[in-house]
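One-letter residues, chain by chain:
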Amino acid sequence: SAVISQKPSRDICQRGTSLTIQCQVDSQVTMMFWYRQQPGQSLTLIATANQGSEATYESGFVIDKFPISRPNLTFSTLTVSNMSPEDSSIYLCSVGVVGRGHAFFGQGTRLTVV
Amino acid sequence: EDKVVQSPLSLVVHEGDTVTLNCSYEVTNFRSLLWYKQEKKAPTFLFMLTSSGIEKKSGRLSSILDKKELFSILNITATQTGDSAIYLCAISGGSNYKLTFGKGTLLTVNP
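Top line first, the protein sequences correspond to chains A and B.
Throughout the first sequence, residue numbering follows the working numbering, covering 4 to 117 in sequence.
Throughout the second sequence, residue numbering follows the working numbering, covering 76 to 186 in sequence.
Worth double-checking, as some hints may not be accurate.
Under the rule of at most 16 Å between Cα atoms (straight-line distance), these lysine to aspartate or glutamate pairs were calculated in the EDC-like manner [unchecked claim]:
#	chain 1	residue 1	chain 2	residue 2
1	B	K78	A	E61
2	B	K178	B	D77
3	B	K173	A	E61
4	B	K116	A	D14
Examples of chain A residues lying across from chain B (beta carbon under 10 Å, computed) [unchecked claim]:
#	residue
5	R13
6	T33
7	T47
8	T51
9	G104
10	F107
Quick list of the computed label-pair ranges, beta carbon to beta carbon [stated by the list, open to error]:
#	chain 1	residue 1	chain 2	residue 2	range
11	B	V87	A	S87	32 to 40 Å
12	B	A153	A	T20	47 to 55 Å
13	A	G63	B	T103	12 to 20 Å
14	B	T93	A	S8	36 to 44 Å
15	A	D29	B	I129	30 to 38 Å
16	B	T152	A	T20	43 to 51 Å
17	A	P74	B	T95	44 to 52 Å
18	B	D92	A	S4	24 to 32 Å
19	A	T47	B	S133	25 to 33 Å
20	B	G157	A	D67	39 to 47 Å
21	B	H89	A	E57	22 to 30 Å
22	B	T103	A	P74	26 to 34 Å
In case anyone wonders, no lab produced these hints; they're calculated from the structure.
C-beta atoms are modelled at their ideal positions from N, C-alpha and C, and glycine is treated no differently.
Construct the complete structure from the given sequences, taking the supplied hints into account.
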């Protein structure tokens, strides 16, 4: 299986600030995704992180709010910008690994905005 | 738009009970159905189902898919307190890695 290192594990942030979450994978990766899980809700796909180009965002998510980078095959960042309490969620990195048929998930980042 | 509906949303049982979790779906271009277990933050993979009628089994857990009726079930026999978690059902419509999730079933197993 893949080892996915996601950090930070948790953070408490002031409204109006930004937080960058990192995701590093130790295996050959085909695709990388970012999900959000709001309290009591299921996982919602934010975007597909594309290597060397702009991410592909799902309906309801925009680049200005959730800028994503993927400079190489095994590393990606998600920034949550100009945060408000509504951004308090768990953010999860997910990857598709070469030779494995299902997605793996990072440990998640629990974000609380106060 | 792809859609996944899980039932029940929550379930409380006693150790030793058997539980059945349900997942129905709508998808434009079905590729696979997956089950994950979420205990804290990170979902961990349980099963991936692509063909109807073939049961997948791992210890006390098993799952089966019905592509005609568009549903899947996850069975857990002889439940243990360690089975307490959220069980997530997801479908893949275009890529095995890009998933649409249901709301999950919160299972609580009491001693």
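Quick rundown of the hints versus the structure:
1. B:K78 with A:E61: holds (15 Å)
2. B:K178 with B:D77: Holds - the C-alpha atoms of D77 of chain B and K178 of chain B are around 13 Å apart, at most 16 Å.
3. B:K173 with A:E61: The hint holds at about 11 Å.
4. B:K116 with A:D14: Judged against 16 Å, a Cα distance of about 14 Å means the pair holds.
5. R13: Since the shortest Cβ distance to chain B is 9 Å, the answer is holds.
6. T33: Holds. Min distance 7 Å.
7. T47: Because about 8 Å separates T47 of chain A from the closest Cβ in chain B, which is inside the 10 Å limit, the hint holds.
8. T51: holds (7 Å)
9. G104: Check passed: Cβ of G104 of chain A comes within 5 Å of chain B, closer than 10 Å.
10. F107: Hint on F107 of chain A: holds, closest Cβ of chain B at ~7 Å, below 10 Å.
11. B:V87 with A:S87: 32 to 40 Å: Roughly 35 Å apart at Cβ, these two residues keep to the hinted range, so it holds.
12. B:A153 with A:T20: 47 to 55 Å: holds (48 Å)
13. A:G63 with B:T103: 12 to 20 Å: holds (19 Å)
14. B:T93 with A:S8: 36 to 44 Å: Hint holds: Cβ distance 37 Å, inside 36 to 44 Å.
15. A:D29 with B:I129: 30 to 38 Å: holds (32 Å)
16. B:T152 with A:T20: 43 to 51 Å: holds (48 Å)
17. A:P74 with B:T95: 44 to 52 Å: holds (45 Å)
18. B:D92 with A:S4: 24 to 32 Å: holds (30 Å)
19. A:T47 with B:S133: 25 to 33 Å: Given range 25 to 33 Å: holds, Cβ gap about 27 Å.
20. B:G157 with A:D67: 39 to 47 Å: holds (43 Å)
21. B:H89 with A:E57: 22 to 30 Å: violated (51 Å)
22. B:T103 with A:P74: 26 to 34 Å: holds (33 Å)
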